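Chemist: Make the full structure from the sequences, and use the hints.
Which chain is which? The protein sequence lines are P and A, in order. If you count by the numbering used here, then the first sequence holds residues 5 to 396, one letter each, in order. If you count by the numbering used here, then the second sequence holds residues 12 to 267, one letter each, in order.
Do not take every clue at face value.
Stated by the list, open to error - List time: in silico SDA-like cross-link candidates among lysine to any residue, alpha-carbon distance up to 25 Å:
1. A:Lys150 with A:Ala44
2. P:Lys71 with A:Gly113
3. A:Lys264 with P:Tyr67
4. A:Lys263 with P:Lys130
5. A:Lys264 with P:Arg14
6. P:Lys127 with A:Arg26
7. P:Lys126 with A:Gly100
8. A:Lys264 with P:Arg70
9. P:Lys130 with A:Ser98
10. P:Lys86 with A:Ser30
11. A:Lys264 with P:Ser45
12. P:Lys130 with A:Ser30
13. P:Lys18 with A:Asp266
14. P:Lys126 with A:Ala29
15. A:Lys263 with P:Arg14
16. P:Lys86 with A:Arg184
17. P:Lys126 with A:Val28
18. P:Lys127 with A:Ala29
Said to hold, decoys possible - Anything over 10 Å on all C-beta distances counts as not near chain A; from chain P, calculated:
19. Gln56
20. Leu72
21. Lys86
22. Ala195
23. Ser220
As the list claims (entries may be wrong) - Stretch by stretch, here's where chain P covers chain A in the computed footprint (C-beta under 8 Å, at least three residues):
24. 24–30
25. 106–116
26. 154–160
For the record, the hints were derived by calculation from the structure and aren't laboratory data. These numbers come from a predicted model, not from an experiment. Ideal Cβ positions, reconstructed from N, Cα and C, are used throughout, including at glycine.
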Amino acid sequence: MIEAVGLTKRYGAKTAVYNLSFQVRPGTVTGFLGPNGSGKSTTMRMILGLDQPTTGQVTIGGYPYRKLSNAPRQVGALLDAKAVHGGRHARNHLLCLAQLSGIPARRVDEVLGVVGLQDVAKKRSKGFSLGMGQRLGIAAALLGDPQVLLFDEPVNGLDPEGILWVRNLMKQLASEGRTVFVSSHLMSEMALTAEHLIVIGRGQLLADMSVRDFISHNSADFARVRTPATEPQQREKLTAALTEAGGQVLPEQDGALRVMGLPLPRISDLAHGADVRLWELSPHQASLEEAYMRMTQGAVDYRSTADQRAGLQQQLPPGVMPQQQFPAPGQGQPDWYAPPPPQPQGAQPYAPPQPAPGGPNPYAAPPQQPPTAPAAPAAPAPADLNKPEDPR
Amino acid sequence: MAATQVLRSEWTKIRSVASTVWTLSLAAVLTIALGVLISILSRNEFKNMSVKEQMGFDPTFISFAGMSLGQLAMIVFGVLVVSNEYSTGMIRTSLAAVPQRGTFLFSKIAVATLLAFVVGLATSFIAFFLGQAMLGSYKAQIGDPGVLRAVIGGGLYMTLIAVFSMGVASMLRSPMLSLGILMPFFFLISNILGAVSATKKIGRFLPDQAGSKIMQVVPPVGDDTPYGPWGGLLIMVIWVVVALFFGYLLLKKRDA
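Modeler: Structure follows, in structure tokens:
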């Protein structure tokens, strides 16, 4: 059991983690999500006693890490797969870690077998690929047969077989009653591995709940309805009928309709009643990725901009009109994540957190509050393209 | 966390990287080879020396002439032992395994110091006997007063240079920065300060100049150094202790 209470870390003027409180329970795989620079690795380092929190504390089994007796036998961690002396071979790397905590050398060969590195045990880790480095790091974490395991991005650089292996390993470790805390950027992977999620953005807690709750709270399941493309008036007729019945209808780029708030059979009945034929009526279940993107879209620090290629484009011969590039319908469209449906209680528990009472909030800028009524989908990228050209 | 476990682990670490073998053998080879060379040259030059120079001729010290170069390899050894942890990022894994940072640092330094002492002492004895063999009739005997102290002192000197570098490296963390400061300091600045008469009085309190006093048997004529061989070594030890103390303090305070 890992427990953080009011964890805050400042590096000079920059606040990396602010007032973070959460619990990681044994017996399940807990995913740790957040955009780049949101404080995941800093939190992991504080859990391991490497960085001293500015305020607050984090404990493992009730003790701060530095007070644990024989910590490597209780906690195993993979922080950085490349943090290995390249000139030392894999077995010696593990051996010196094993000797630190009085683990017999026999165990080193065991874990090398577990991660599948037994054939390169006497090879210098300099020549290892990223995936092999990850396996070596996982071996180091497993060395002490610990009850608490932390993995920072364990599947980076692994092949599909390795990813499957890590996923099963995490689940197996959790099913043995261990505490497993895993950070990752791969949402599809997290959806398959983790049962519980802790999501942070800009160093603050955004969510602490099960994966299923997270998806249903942060996404709107909807139905995609398509009327015959040849008869646009049918589409308007259906839109009116569905809106009248209490559904929210949004037009999609390719002419389909996105319907929220009505179950599929009801949509079919309404269409039948309005004498509208349907070409498509399909349920759309939100993915973890979609739910995550929706939640963190206001908390992303590093956002890419459209590549203007100013001055790099070839001059067109006179008289030739530049070919306008229209995106194909439904392809290459930046996804727009509608705000989550209004919560029945009226409150929005998973909106960006409110400033803590009393304490000064370093992120005083008003969080991007999602509008309560869904507006027409506006693709964010074209807005950048409309900016005046750089005068250079 | 038993310190013996940390010591064993540090021994595995130090013996499993190639840089240990390279730097230590380079230190031994440079010290011995240059000492032999200078000893041969000195024997041939002795007849041409002035009486004053002949009076101050110190055959023991001559055979340690290679140490000015050999100590640079010792510095590299000391710096790499500590800063390897930082440049590879291994320090996080190590400190997560040994949250008692003092135990970690001093176990590491203890293992490296012991190794440096064994190599340094062997180097010192070989450099002395080979050097004396080259000096022919001008040679000193190991039983002569002060000679055994100088030869053992040579081993101590090389060890302390390495430990001083370990202390500096644990303060600075980066191997490039540590070597960039230590190398010119011991190879140039200390020598320049010692050669210019205005700064000579300060220069003789620098770690290498004070420490190398232990290797002298016959003091140069007109020598007014205010400390003896053991006093000089003590000054060097104080430098080393200060470097280690600040290295420890910073490691304890800093985020890894």
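Chemist: Could you tell me which of the numbered hints above are not met by this structure, giving the numbers in increasing order?
Modeler: 4, 19, 20, 21 and 26
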